[in-house]
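Peer 1: Sequence:
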Amino acid sequence: MATVTFPSRKTTFPISAEEVGDGWLQLLNLIVHCGTVKGTRKGDRLTEVLNAVVTIKLASDEGTIPPCFDFGTEELEAYYRHFSSLSRPEEVDYTYGERLQNWSWFNQETSRMEQVNQLERTIDRLQRSHDTKRGTMVLLGPTDLDRLDDAPCVVLATFNIVDERLYGTYVIRSDDIYNAWPFNALSLTRFQREVSKRIGILVDSATFISHSAHIYERDWDKARAKLDEWFKRPLPFQADPSGLFFFGVENGLARALFISPEADMVLWEGESRDPEELIRYIVDTMPWLTAQHIRYLGEEGAKLTRALREDVPYEQG
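Note that numbering that gives the first Met the number 0 has the sequence shown beginning at 0, numbered continuously upward.
Pairs of lysine-lysine residues, derived as DSS-like cross-links and limited to a Cα-Cα distance of at most 27 Å, are as follows:
#1 Lys225 / Lys56
#2 Lys231 / Lys221
#3 Lys231 / Lys56
#4 Lys221 / Lys37
#5 Lys225 / Lys9
#6 Lys41 / Lys221
#7 Lys221 / Lys9
#8 Lys231 / Lys9
Hint data in this document are derived by calculation from the structure and do not stem from the laboratory.
With the hints as constraints, model all of the structure from the sequences given.
Peer 2: Take a look at the structure:
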């Protein structure tokens, strides 16, 4: 059966997830339905979207491997040992651990090759200043794309501290979503937790920016099967960290009040004779609201419209 590809803007797709497994399933769903089919330099075919951004809310503990993944604890531990290894075997060109903690570079001031431990330097910067914007470790060298057939896919990792919690951002230039993304996501979030323990603060979220998020043709049927088995919607209610809306009808006007999550501060208020105009204004000026919250606003807008047009009581919720 031919696959119908939905029209899309081709680039920049923000996704939010409560755990790694659901983030992966949302990526599969996006690429299966909106990806552009193209060839590769090696003669393969894949379907691709550009700049998929997945943000995952992290628990303090790693937890179990999501059941939708095709591997278990032993495979993940073997991958993480290679991922974090300080030295590379003879048959490989690099490990991420080596580049994070033992990367050779040419010091122009001394005209000598030296070793640099990016991880320790980053942790030191974060410990000395929680406001630093220099918590970045680079994993792709300037000549890697020219000289390595299998150059690093993870370009950089950046840590920031906000409100005494550690946020991680990972930029990936070429991302095999079906096979590689689960291993890298679990490894990088484990890495983030280890850094947070070194600094002595809690983790918050991890964001993965995949410039080329793709699925190879050989994995298309498997991706669809995963979605059929595991991608269940709608999700249970998730509170929006942005705040809470209260609506009402008074003197022929739809009124809106937006308050802090703790209900101790009014953040915004507005009114309009046209509830649809009011809801559109909220959505257009507050793009940080969650998708569930935006759907809820649409439902309340319809109820406000009915209350004003038919002169019936409005009851929120």
